Amino acid sequence: MTWTAVADVVSAICLIGGAFLAFAAGVGVLRFPDLLSRMHAGTKPQVLGLVLVLIGLALRLRSGGAVWALVLVAVFQMLTAPVAAQMVGRAGYRTGKIRDDLLVVDELTADMERATEQLTDAPAADPPTT
Amino acid sequence: MTAVIIVCGVLLTVGATLAIIRVEKGPSMLDRTVGLDIVVTTMIAAIALYAAIQRRADVVPILVVLSMVGFVGSVTIARFASVEPVGEGRVRTREEIAAQEAERIAAEDEAEEARRLGRRESADERHDGEVR
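Which chain is which? The protein sequence lines are A and B, in order.
The opening residue of the first sequence carries number 1 in this note's numbering; numbering runs sequentially from there.
The opening residue of the second sequence carries number 131 in this note's numbering; numbering runs sequentially from there.
Keep in mind the hints are simulated off the structure, nothing from the lab.
Do not take every clue at face value.
[Unchecked claim] With a cut-off of at most 30 Å between alpha-carbon atoms, the simulated DSSO-like pairs for lysine-lysine come out as follows:
no.	chain 1	residue 1	chain 2	residue 2
1	B	LYS155	A	LYS97
2	B	LYS155	A	LYS44
3	A	LYS44	A	LYS97
Every value quoted in this text rests on a predicted model; they were computed, and no experiment measured them.
Let the hints inform the model, and build the full structure from the sequences given.
Structure below.
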């Protein structure tokens, strides 16, 4: 068994793994009940699935320049996916699209309540000096 | 290799189809955004699969561009379109559209009428002024 045959087999396994994660994301995003769990399902192929597919492609191409471009793709995806996820989650929280009954831990609501309390208490706490 | 191609193609197609069903169902703009993100990722995976099958390295720049541009849509929607008026999250029925259309046309006619009356009045005033 030559080196290229082994690389082809590993590449096929990686491609199938990535495609399976994309399929799992489709199932999850259709069946999960609210925005945050759908995001949880949707981020699986965005990083892990993409990295698997890119490894598969790199093992199949086996040329230096193309592989560096694929590393670039993975880096860009890792930089942009958290930005998009953070913006979507923040907008979803602020517009009330998150189901409270499904959350296990909700630290943001408690923090925001404390912050508003401090804001409302602060002027009363300072005695007027003039 | 043929079996791998078929399995990957079927998995990617079904995944993208399910994501598109979620995009159609809504219920909010952000859910659609998440669904469209998955469609873009699936598209990247499909192009990578094509490049792997054909051993074509010249397709790789398309992957770079898609991975850079893919997040712009979801960030834009989350920033500017996440607050949606009540009732816009679903497709309107035919009757609702007809009622809204009739309302709009009535309002336009009224505005047109008011404009015409206003012009006539102002023309009369101007005429009076010249006479005097």
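Each hint, compared with the structure:
Proximity of LYS155 (chain B) to LYS97 (chain A) is assessed by CA-CA distance (about 15 Å); at most 30 Å being required, the pair is judged to hold. A distance of roughly 21 Å separates the Cα atoms of LYS155 (chain B) and LYS44 (chain A); the hinted pair therefore holds under the 30 Å criterion. Between LYS44 (chain A) and LYS97 (chain A), the direct Cα distance comes to roughly 21 Å. Compliance with the 30 Å bound is thereby established for this hinted pair.
When each numbered hint is compared with the structure, no violation occurs for any of them.
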